[in-house]
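S.K.: Chain by chain, the residues run as shown.
Protein chains: 4
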Amino acid sequence: MMTAREFRKIFAETRRRSEEICAHLQTEDFGVQPVEHVSPPKWHLGHTSWFFEELVLKKCPGYTVFDPRFGFIFNSYYESVGERVPRRERGNLSRPTVARVLAYRAAVTEATLGLLEDWSGLSPAQKSILEVGVHHEQQHQELLWTDIKYILGHNPLVPYYTESLGENPAPPSQGPKWVEVPAGIYEIGHADPERFCYDNERARHRVFLEDFTISTQLVQNQDYLAFIQDGGYADSLLWHAEGWQWRTQNEIDAPLYWQQIDGQWFQYTLGGLQKLQLDAPLSHISFYEAAAFARWKGMRLPTEFEWEAAQAKLDWGARWEWTESAYTPYPGFQKAPGALGEYNAKFMVNQKVLRGASVATPATHQRPTYRNYFHPPMRWQFTGIRLAN
Amino acid sequence: MMTAREFRKIFAETRRRSEEICAHLQTEDFGVQPVEHVSPPKWHLGHTSWFFEELVLKKCPGYTVFDPRFGFIFNSYYESVGERVPRRERGNLSRPTVARVLAYRAAVTEATLGLLEDWSGLSPAQKSILEVGVHHEQQHQELLWTDIKYILGHNPLVPYYTESLGENPAPPSQGPKWVEVPAGIYEIGHADPERFCYDNERARHRVFLEDFTISTQLVQNQDYLAFIQDGGYADSLLWHAEGWQWRTQNEIDAPLYWQQIDGQWFQYTLGGLQKLQLDAPLSHISFYEAAAFARWKGMRLPTEFEWEAAQAKLDWGARWEWTESAYTPYPGFQKAPGALGEYNAKFMVNQKVLRGASVATPATHQRPTYRNYFHPPMRWQFTGIRLAN
Amino acid sequence: MMTAREFRKIFAETRRRSEEICAHLQTEDFGVQPVEHVSPPKWHLGHTSWFFEELVLKKCPGYTVFDPRFGFIFNSYYESVGERVPRRERGNLSRPTVARVLAYRAAVTEATLGLLEDWSGLSPAQKSILEVGVHHEQQHQELLWTDIKYILGHNPLVPYYTESLGENPAPPSQGPKWVEVPAGIYEIGHADPERFCYDNERARHRVFLEDFTISTQLVQNQDYLAFIQDGGYADSLLWHAEGWQWRTQNEIDAPLYWQQIDGQWFQYTLGGLQKLQLDAPLSHISFYEAAAFARWKGMRLPTEFEWEAAQAKLDWGARWEWTESAYTPYPGFQKAPGALGEYNAKFMVNQKVLRGASVATPATHQRPTYRNYFHPPMRWQFTGIRLAN
Amino acid sequence: MMTAREFRKIFAETRRRSEEICAHLQTEDFGVQPVEHVSPPKWHLGHTSWFFEELVLKKCPGYTVFDPRFGFIFNSYYESVGERVPRRERGNLSRPTVARVLAYRAAVTEATLGLLEDWSGLSPAQKSILEVGVHHEQQHQELLWTDIKYILGHNPLVPYYTESLGENPAPPSQGPKWVEVPAGIYEIGHADPERFCYDNERARHRVFLEDFTISTQLVQNQDYLAFIQDGGYADSLLWHAEGWQWRTQNEIDAPLYWQQIDGQWFQYTLGGLQKLQLDAPLSHISFYEAAAFARWKGMRLPTEFEWEAAQAKLDWGARWEWTESAYTPYPGFQKAPGALGEYNAKFMVNQKVLRGASVATPATHQRPTYRNYFHPPMRWQFTGIRLAN
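So the sequences go chain by chain: A, B, C and D.
With the first letter of the first sequence counted as 1, position 52 gets the number 1377 in the working numbering; the numbers rise by one all the way through.
With the first letter of the second sequence counted as 1, position 95 gets the number 1420 in the working numbering; the numbers rise by one all the way through.
With the first letter of the third sequence counted as 1, position 203 gets the number 1528 in the working numbering; the numbers rise by one all the way through.
With the first letter of the fourth sequence counted as 1, position 231 gets the number 1556 in the working numbering; the numbers rise by one all the way through.
To be clear, the hints were calculated from the coordinates, so they are not data collected in a lab.
Since we're looking at a predicted model, the values are computed, not measured.
No incorrect hints appear here.
Copies of the same chain look alike in the list, so a pair counts if it works inside one copy or between any two.
Once the Cα atoms are required to be at most 30 Å apart in a straight line, the calculated DSS-like pairs of lysine-lysine come out as:
hint: 1; residue 1: K1334; residue 2: K1660
hint: 2; residue 1: K1622; residue 2: K1638
hint: 3; residue 1: K1383; residue 2: K1334
hint: 4; residue 1: K1384; residue 2: K1334
hint: 5; residue 1: K1660; residue 2: K1452
hint: 6; residue 1: K1452; residue 2: K1383
Whenever a hint applies, use it, and build me the whole structure from the sequences.
M.R.: Here's what the structure looks like:
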């Protein structure tokens, strides 16, 4: 468990960082929601404040709610907390304005910092929620990056935002290598009771893995280009049935943000439209595309257990890596009590686990046992592929 | 036809007025599109500028297009002019910013005023398009009012905007009266070749009307409240089949912007949420509701021909009045050549004609032969009811 | 009003005829509903029986309902009569079987004939409903033909049914001619109080028509082929906006039942797939296609009033002819009391009037004042085009 | 591998049995498809014949295809085999008739039996496909039962079919018991290379299981009734997020086929509508309902590995049991070559594994390693619940 000083530092830093990510936005950029799963940046800023206000501050004697209608506006999906704006309507709300949301943020930050003055007076439950709140906000920082990219990248003017993210890192100097992992029992899940993890990373438990081989490197753009040029998008036998249907209905024939102009491939980045960087790690593909590519290579995606067992030998952190594993509870999983119990457990069906982290993941939010999860067609995260066999 | 001086005056006034209507908006309010038929105010400001740029300025030698990508963004529905952002996507565009759209407006206004310096050098076709452009922008001024009302009125914070519109005028001092109109041949449609009208108001032609009676007054909120209290929304026999389906699927039980709080009726106005003003003219009802109400009264809606024949004796101008008439071409109708031909003719199916004008209609945009038209379920305009028999 | 003898004759003949139309169906053909607006033949046979049972027999003392659950199954759209199977579910009901429906028909026919024994004992209201019931069943006879054609024509095996309908008559020997009709007041609507008509054909009233010209002949397949070959389906300026959208979304590029095989045009008929008969009257087109064709010819569709004023000089009866007129009430229209009031009035919005009759219309169901109506995209009726100007 | 004699016997028996299941159907029952996932019985009879014709007979020299258009009609989902009728359209095809489909069956059965005369002349690949064909048809026998139940059970006449299935068996005499399974490595998957299994049951591999407890008995109707009466359908915290959405949108408040009449619970069975049998095994629930029930009990569903490890001690076979496991490939999974490769592998995403078997599963189609799979909302199979902890 952190000390009061450590927590105050990370809390203040996290609050500041969320706003910093938005530094180059125009006021207009804060409000739009081009598709249901991309939320307006303004909403993220408000929601991450509401989390602290709703779950911590409102329960403190003497706290005055900033605006009682904000609960309706900034609740995401907590059924136990009350009614809320339907998710698809988030982009229809011009009010509260950006300035007002920033004022809300400032008030919540200040009130929470005030609460932290008396660290020892806080209950373990309060401390726990505060810690979750920081990690929750870090998660939304990643969403801020990817939602900003989607908002600007789907605008006909394809504006420049910033290159500070370094989203397309050069590959490691040595070529791809393969690690062989012997069959045996492996321990999976978060071990250290002193350090933070989400409930879905527990209980630590044993898994038996048969022999497998896994690449130390991520698939690169040039690898995927070969798949495209070989007709990968046109060969139904490479695809899951629903992947094929998804591809056909949505006329998908390349990763998100890729486009061909006069025979040349380009990709939209937060730094604008750029020539496709062939040796950068592939990004913005769905699980369906990841699986079709792996089949085309005559290989497969690793399971999340294989990934975790091998991770110390892998070069990871640039892309969230689709695994073959579905998002289901670990043996001994206990969902958190109250509203926090809605954080993870209720999504444990029909989603795929992604392991690793991406260029948009805050450093303090990365750990080898982290289980990210998305629906198979989702592409707007920095998702990539690692092959196994 | 107007003189150069008259036209410059009305052009400049119209351009200024569109921005004035938006004067109290926050930057965030300019961009949202809560339903497909409500466009972002920013889009209206850009589109009315694009109209002049695309149809007039671009054809003038030496004119430099402000931004070649704006054609894609601000074209509404002109197939003959090229590709465009799908209507439902207008609210997803944070760029161009409001400031940039205002710069676009200023540039288009200035270039057009420049063109008007040499009025006598303009062809009749150019003059005609310029005149249509002004009326087109006035039409969008009304949409600015109704779209702003929808955007703010559907926000959980129900903000105040302005009371300058006077949207709920007090009734005339004398009570409702009925006019009897004798059977006979009436001339319908625009007559004066010197004065502007849309193509759909022509040709002037003869219509035979049987005897009818028509109210000089609009239906008031209190009249409609009686319909509600009598169970009008629950009696299928009062409704058109598709009106009943619309009502049921959308759970409609009151006009748009009405809500009951603790047994008391309120209505949202641009001046905020207010107690329902009983003697104000009813507003924001669909054709289906208008027709069901009329049937409940044992009466009917007038046809557009009855309305025009009687209009001189009617008190009109507060609400667009649903008529029984479908929007179809007059005998001798000729659609305008080129892109302007897409202005009216292509919508002449499955819409109902509304006559009169509303509190949001610019004074210079009102005339007795004006044919407004909307689909039967539309309610966000200031629509009302006049009874006939 | 008919005599008892006349009525018994036409009643018995109508009941017999409905079954005769189905004579060549396989048991399996009776049950399918490939699209919502095409009902299973079995349903038509049951529904036309239910009409007599529900509105006449059930109100006679001593009558025992055949099966109380049939009201739920065979009510079409009468809200005032009670709950019913949703229209789109009609094809999901394998029970009652065809044999059981035929038994139901026989029982209803027999009970009604029994009732007709005492013709003078029947009230005028009863006689009126009985008469409507016969005409109602004749209307469903036409639907039987068109629904059977749709069911078989959309089967990959494109089976032969019968050629007895003569659906593609040869053209009259003389070529197309044009009738000029002078401006003036015309009387429109059903006149003879002694002869049957639907409520929507009344009141007879005066209409002023400007001069117009109308073709005595229907548009032929070869005329429409020229439209196709001239790119009519690709020129947006010929189309209504919603017609263009309909065409695009549904990838329409020819009339229903037309198909091109190895460069040769074929049309499905109840006699199987046949080479397109060039001089047969065009059939199975939507209002949108009719209007686009007329615009391409530089002409227009007549209004229903023009049609009625000119009809005595026209060759009509092979195709239902789309008119420009929307389906709205005549001056002095009175909807029938009770459930019969739901027969016509509640559909008087968003539909187009078709005049004339088709090869599938029973002879006793044809009259110059008849107002048929369908939504603009509907094509499965024998619909055609007559030009005016 | 079976002998020629054994195979001929099981083949002939399987072909006969499919028709026997349909013995009590009326001709009309063979054709309807009330929802997309319920196919017309006629289609099952044809499709299982097409499987043999397409994958075996057509490749034999001298075989004449029964009807070349049947490939289009009876292909289910094999992209590699060609175009086909969209699944949702199966119920719209009145032709081929039932008689014609039975003739098709007879021809295919006879031709295949002819082929089997020369068993030793068949290649291993041919034998393998023939064997799959028999198991494939057995799978469709179960679907015949459940689709017939759906078709009749959703008919307002709720007809009696047969009681021969014994769908609601009485519980075993002893009460529920719990088995404790110790942690350790377990072997999972099909072992015997001589006996048939689907590709998805391989490779046999090792799995480590932590200690767990599992019920020997299935949940009964009375257990689930307690969940309903305790408000289980109204407590969002018991549900997966998408389960809650499914429940709400579809207004689900009881298992499929349950209905309350005058306060008394009934369930539709193939033997007609019957009083709910309290001690029968619960059936016709979705994965979402299964998971919510388990959470309400403070327990969970077993994984498929736990199930297989414990199965010898369990009373199973009455209901397909939802497991927590997602349907993903086993280590070492190899999909079959050619069209058979589309049999299982392409569905390995977004589905849940069900273990065991049901009253509708042919005895020779039941085995402890069998992996059935359905999407979480599916309820029309005989699905049930077994608790674990």
